[in-house]
Amino acid sequence: MTTNTVVSVNGLEKTYGKANERQYRALKDINLTVEQGEFVGIMGASGSGKTTLLNMLSTLDVPTSGDVVVNGHDVTQMRGNQLADFRAQEVGFIFQDFNLLESLTAEENIGLPLALQGTASQVMDQAIHEVAATLSISDLLQKYPSELSGGQKQRVAAARAIVHHPAILMGDEPTGALDSTSARELLDLLTTINREQAMSVLLVTHDPFSASFCQRILFIKDGEIGSELRRGDQDRREFYQEILNELGTFNE
Amino acid sequence: MLGKLALAGIKNRRRDYLVLLAGLTMSAAIFYMFANLATNQAFIKANAAIRSANVIFGFGAVLLIIITVVYLMYANSFLLSMRQHDYGLFMMLGATRKRVGQLVFLETLILGTVATAIGIGLGLLMSKFLVGFLLNLLGLHLVHLTSFYVPAILATAVLYVGLFILASVFNLFRLTRTTVLKLLHSDSEANQPQVKPGRQFIQAILGILSLAVGYWALANIKVLMMSAIPLALVTITIGTYLLFKATILMVIRQLRRTAWSKKHLNGFLLGQLNFRVYNYTRMLTIVSLLFAMALGAITVGSGYHRQLPRVVDHFSGYSVALHNVSGKEEKLIDQLHIAHQATYTQKRQGKVVAYNAAEFERQPFEQQRFSKNGQKLIGYDTQSLKTFKKSGIKEMDFMALALNGAGPYAPQILSASQFKQQKGTKMTVTVIRVTNFTRDMAVLKKLNKIETSRFVQPAYMTVGSYQSFEMMTGFFGGFEFIGYFLGIAFLAMLASCLMFKILSGAPGDKQRYRMLFKIGVRQSKMRQGIAKEIGILFLIPGIMGVIDVLFGLQMFKPLMASPMSPYLGIGSTFLIFIGLYVIYYFITLALYWRIVLPQATND
Ligand SMILES: Nc1ncnc2c1ncn2[C@@H]1O[C@H](COP(=O)(O)OP(=O)(O)OP(=O)(O)O)[C@@H](O)[C@H]1O
Ligand SMILES: [Mg+2]
Numbered sequence: 001m002t003t004n005t006v007v008s009v010n011g012l013e014k015t016y017g018k019a020n021e022r023q024y025r026a027l028k029d030i031n032l033t034v035e036q037g038e039f040v041g042i043m044g045a046s047g048s049g050k051t052t053l054l055n056m057l058s059t060l061d062v063p064t065s066g067d068v069v070v071n072g073h074d075v076t077q078m079r080g081n082q083l084a085d086f087r088a089q090e091v092g093f094i095f096q097d098f099n100l101l102e103s104l105t106a107e108e109n110i111g112l113p114l115a116l117q118g119t120a121s122q123v124m125d126q127a128i129h130e131v132a133a134t135l136s137i138s139d140l141l142q143k144y145p146s147e148l149s150g151g152q153k154q155r156v157a158a159a160r161a162i163v164h165h166p167a168i169l170m171g172d173e174p175t176g177a178l179d180s181t182s183a184r185e186l187l188d189l190l191t192t193i194n195r196e197q198a199m200s201v202l203l204v205t206h207d208p209f210s211a212s213f214c215q216r217i218l219f220i221k222d223g224e225i226g227s228e229l230r231r232g233d234q235d236r237r238e239f240y241q242e243i244l245n246e247l248g249t250f251n252e
Numbered sequence: 001m002l003g004k005l006a007l008a009g010i011k012n013r014r015r016d017y018l019v020l021l022a023g024l025t026m027s028a029a030i031f032y033m034f035a036n037l038a039t040n041q042a043f044i045k046a047n048a049a050i051r052s053a054n055v056i057f058g059f060g061a062v063l064l065i066i067i068t069v070v071y072l073m074y075a076n077s078f079l080l081s082m083r084q085h086d087y088g089l090f091m092m093l094g095a096t097r098k099r100v101g102q103l104v105f106l107e108t109l110i111l112g113t114v115a116t117a118i119g120i121g122l123g124l125l126m127s128k129f130l131v132g133f134l135l136n137l138l139g140l141h142l143v144h145l146t147s148f149y150v151p152a153i154l155a156t157a158v159l160y161v162g163l164f165i166l167a168s169v170f171n172l173f174r175l176t177r178t179t180v181l182k183l184l185h186s187d188s189e190a191n192q193p194q195v196k197p198g199r200q201f202i203q204a205i206l207g208i209l210s211l212a213v214g215y216w217a218l219a220n221i222k223v224l225m226m227s228a229i230p231l232a233l234v235t236i237t238i239g240t241y242l243l244f245k246a247t248i249l250m251v252i253r254q255l256r257r258t259a260w261s262k263k264h265l266n267g268f269l270l271g272q273l274n275f276r277v278y279n280y281t282r283m284l285t286i287v288s289l290l291f292a293m294a295l296g297a298i299t300v301g302s303g304y305h306r307q308l309p310r311v312v313d314h315f316s317g318y319s320v321a322l323h324n325v326s327g328k329e330e331k332l333i334d335q336l337h338i339a340h341q342a343t344y345t346q347k348r349q350g351k352v353v354a355y356n357a358a359e360f361e362r363q364p365f366e367q368q369r370f371s372k373n374g375q376k377l378i379g380y381d382t383q384s385l386k387t388f389k390k391s392g393i394k395e396m397d398f399m400a401l402a403l404n405g406a407g408p409y410a411p412q413i414l415s416a417s418q419f420k421q422q423k424g425t426k427m428t429v430t431v432i433r434v435t436n437f438t439r440d441m442a443v444l445k446k447l448n449k450i451e452t453s454r455f456v457q458p459a460y461m462t463v464g465s466y467q468s469f470e471m472m473t474g475f476f477g478g479f480e481f482i483g484y485f486l487g488i489a490f491l492a493m494l495a496s497c498l499m500f501k502i503l504s505g506a507p508g509d510k511q512r513y514r515m516l517f518k519i520g521v522r523q524s525k526m527r528q529g530i531a532k533e534i535g536i537l538f539l540i541p542g543i544m545g546v547i548d549v550l551f552g553l554q555m556f557k558p559l560m561a562s563p564m565s566p567y568l569g570i571g572s573t574f575l576i577f578i579g580l581y582v583i584y585y586f587i588t589l590a591l592y593w594r595i596v597l598p599q600a601t602n603d
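These protein sequences, in sequence, are chains A and B.
Following our numbering, the numbering of the first sequence begins with 1 at its first residue and continues without gaps.
Following our numbering, the numbering of the second sequence begins with 1 at its first residue and continues without gaps.
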């Protein structure tokens, strides 16, 4: 099997607080890789460092030390505009609180990453309508976020995250604010996107059900990666059970 | 405990509070300065020029009060926008509405009282230095101008503290009536304005019609008299409001359909403007009107003053008339650029002054020649000695060459031989007309000073165009002073109104720009985006205000007849004014950037 690595992290450390203040080591010597087309979950208790890790990978925050390479770019060497451009081109985001701009319609929200790259408007229209069809939100495009339900908002957010074909899609508890039906729909959609477009997905969650959609799960505890589960050929239900068992032992 | 929490909240935003406090203080200071000038009876009684401007003072005071009320409203909403999240939180944590209400009330009142107190102090200082400076600049000397005047202090204190009590009550009401949830999420709401093309078309038509009526009324002030001003004020306000409401949204909507809106942050900018402008319509209307009034006041005031040299030749056929020119005066005269100069010998006796006909043969006395309607000066004429003896000799210009404390001597022109035998005090008078009044003004001033110290003349008379000019300067300088004063005061307040309104929206924008940051928008792009957004919000009332002024100046046409014109030289006034406005824009922008732009590293 010849796969390319999309994310590779080496000896990543993050310490919050300046040298003369109270310091907190949120991440300690993290090593991980995500292959092209992989669907990886990161699980852990509250405060274990999941968001911190995702922020390092997505360049929203700067690591204290270590290397982060995403799709061939050494993220730790980038500055200012390079970082912004990197996020705009290589990373798609879905957040727990949607992060849609309420002054823009769904269509305009989805088109934003393309607009930022100066894409021609016909190309943009086509891309928006394609992705809207995939996520079955074609009839919602003219609406404003305030006119959408939580599940619909999150699908619009997902559409915005993938419309520009980023190298990796990252989600920080994307199902956190959704009811179980909407959550399931979203996870099914993420699975479809992952499979059909071979887009790598990195999903942070503390919810075993969400995690059971992943192919591989990394467990993080007190800023360190503790163990790892692979789904292999198991079906989702069996994997779900395995996760629950693992959590039982992991949390002791 | 709650008090401590509230204080901590204020400490966290001390810079924003400082901006707010500074704004309120300035406003109170300006009001005090104006109240001091407008209410100080001794000062008004002693200054004729000001007394005639009393109406303008009254008008100005009304405008100043209106704008102060509007200003405090926006300042207060800025305060609320900073605090409501905290207060919502307190209530959610179980603080009673009553307790929170007390806090709100106290906070507003304390802030207001402190601002008023500092403001009056500052106003005293500014009255002392700034007003004097401004008057000096305009070459005015006003007597009995004190900076400390108790009734003015009282007026300012009563108005401001009264308004702050109102604001406190209003805040109390607002906070105790809204649900906790609304307070907590006050920023995240954005109502999308509905667009109904038919209705907007009608609004636009009505708006243009009202504006037309208003402008027409101003242009025909001669016919409509005083009723023109309130009529114009109402129709222009309504017209501007409707026009804003109808067109801006429509334009934004059309723009959002274009390919341009799909490039970079343009779509975001339009989206922001779309719901902002809608909320801002009322405010933009007020601001544009205030902008117009401020600019109008300055334009007219300085227009009068600046254009005086232009009409100065109309006042008299000569610039100065000097008697028995001394050596010192000779030297000064050498510095002048002379268009015409003539010297005549006088013999004064009793009530009569005699002249020598021979001198008039040699150098006839030059008189002004006016156009047929008597309005425009077209040149200078001389009459034959015969006609001059009949008509020219009775002209005020000529009579004024021989004066004593009571008035002019009766002039007589005698033949050379008769003149020789005539008895009386012999003296000479030299009339001088300069080519360019403005250029020689300084020298003329010195000459006039020497002349008036050596010879008496009745207080009610002016001799030559220079003296007329000095008198008129005093008069119109008063106008200009009030114009500048009101203009700058208005500008300061309206620009900070706009600033507070825009800054009130900053907490909501903070989240939006944070989102943009996350999806990879460059910092420079965000800066540009904000600059454009705020720029447009400043630009709209600015443009509207300029248009208002351009039409509104029609009103002053009857007062500033040709060759004066309310439109002459408005470029430089506009530039100064717009320059100040732009400075406000940059201050707002800097503050906005600081509040809104996400830092590169934090969660
Ligand atoms: N900006 C910060 N400054 C200081 N400490 C921080 C900061 N952000 C996070 N931390 C600390 O780092 C640790 C990890 O935080 P993180 O947000 O990554 O947790 P998490 O795994 O995402 O938790 P949750 O599931 O609750 O979202 C926590 O103990 C937190 O207190
Ligand atoms: Mg988290």
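Note that these hints are calculated values from the structure, not bench results.
Be aware that one or more of the hints could be misleading.
To be verified - Stretch-level coverage of chain B by chain A, calculated; a stretch enters the list once three of its residues show a Cβ under 8 Å from a Cβ in chain A:
1) 513-524
2) 571-584
Said to hold, decoys possible - Quick partial rundown of chain A residues pointing at chain B, CB under 7 Å, derived from the structure:
3) S103
4) E108
5) V123
6) Q126
7) K221
8) I225
Quick caveat: nothing in here was measured; it's all calculated off a predicted structure.
Every residue, glycine too, gets a C-beta built ideally from N, C-alpha and C.
Okay, the hints, checked on the actual structure:
| no. | hint | in the structure |
| --- | --- | --- |
| 1 | 513-524 | holds (count 10) |
| 2 | 571-584 | violated (count 0) |
| 3 | S103 | 4 Å, holds |
| 4 | E108 | 5 Å, holds |
| 5 | V123 | 10 Å, violated |
| 6 | Q126 | 12 Å, violated |
| 7 | K221 | 20 Å, violated |
| 8 | I225 | 21 Å, violated |
Comparing the model with each numbered hint stated earlier shows that hints 2, 5, 6, 7 and 8 do not hold.
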